[in-house]
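A.B. asks: Sequences are here, hints too, so could you generate the full structure?
Same order as they appear, the protein sequences are chains A and B. Note that the numbering used here has the first sequence beginning at 56, numbered continuously upward. Note that the numbering used here has the second sequence beginning at 3, numbered continuously upward.
It should be emphasised that the hints constitute simulated quantities derived from the structure, not laboratory data. Hints may contain errors.
[Claimed, not checked] Under the rule of at most 16 Å between Cα atoms (straight-line distance), these lysine to aspartate or glutamate pairs were calculated in the EDC-like manner: (1) A:LYS167 x A:GLU189; (2) B:LYS5 x A:GLU72; (3) A:LYS222 x B:ASP63; (4) A:LYS187 x A:GLU72; (5) A:LYS158 x A:GLU136; (6) A:LYS158 x A:GLU189; (7) A:LYS245 x B:GLU81.
Chain residues, written in single-letter form:
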Amino acid sequence: MATQMQIIAGKKQGFAEFCHGLRQGIPIALGYIPVSFTFGLMAVGGGIPVWTAILISLSNLTSAGQFAGTNLIIANAPLLEIGLTTFVINIRYMLMSLSLSQKITPGMALLKRCIMAFGITDETFAVASMEKGEITFNYFMGLVACPYWGWALGTAMGALTSSVLPKAVQSSMGIALYAMFIALVVPAAKRSRAAFFVAAVAIGISSFFRWGPYANHISSGWSIIIATIIASFAGAVIYPKEEDELE
Amino acid sequence: MSKTLIAVFLMALVTYIPRVLPIAVFKNKLKSRFLHSFLYYVPYAVLGAMTFPAILYSTGDMFTSAVGMSAALVLAYFEQGLMKVALGAILTVYITGCLLH
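C.D. replies: Right, here's the structure in full:
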């Protein structure tokens, strides 16, 4: 049975863990602001209201998925397509969530695990998984705090900037999202033949759906889903990863 | 509720599900090497499929888009970071557009 002293000591330790996470989250937040700024610009440039753009960042907290979903909202795509595209893009979180499930404090309450899950992003995952020892709930909450509000703040700034920009600049900004994707995939493809192969197959398939005979009535959302499944499948068959290569 | 709000709610839901399911459900490691590999490659496939050919239609002018894409490819190849690549592409499209019209 826990005594008064033990409870106080536990609270102190929990607070120290939270602060440790908080400090590690600051550089992530700084990196998020320009990206979410671009998102805010893009969304409002495409006709999404300012407050809706901020709501998307607060409720989604993800880059590629919310960029793509918002693009489809702007293109007036059907709901099923928006949902499926966003889902397929976010499938990668399953691997991270799975990996974290092996590293968190054993026996953590289900509610805490469910709250933690919301804060899993590429960056928080990368930082948390480099931690020595187990990942506590308090640590992860601290880690996510600054990135979460940084993501929302950047979105708000971008959204408010967009409405005052001239038309020519706004249409030039249509390329921003794709340029970001290029910035993400090209360095990876440079280093890994497998990543290059998978991206190239996906590009080939999506180009076929756009320009190929009999295939061009397939919408862009479905084309992304089909291309992703085939290309990742091909990658997994031709370049299977060793267990210890996966993080 | 407007369609946009429903779409935002849907996006939030399908973003949360893959985050929460494994951590809420799995306590043991998955055995399938194939599934691991498949999930590992998904981001590269998604990025490739989302970017091309859609990027060519992103500015309303295929020529300025293509020039902007080339700029992004060069900047990304030299690993200039997300913001620099994005700004470089925007600027290239803008300048190309100004020169054309």
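A.B. asks: Does the structure break any of the earlier hints, and which numbers would those be?
C.D. replies: 2 and 5
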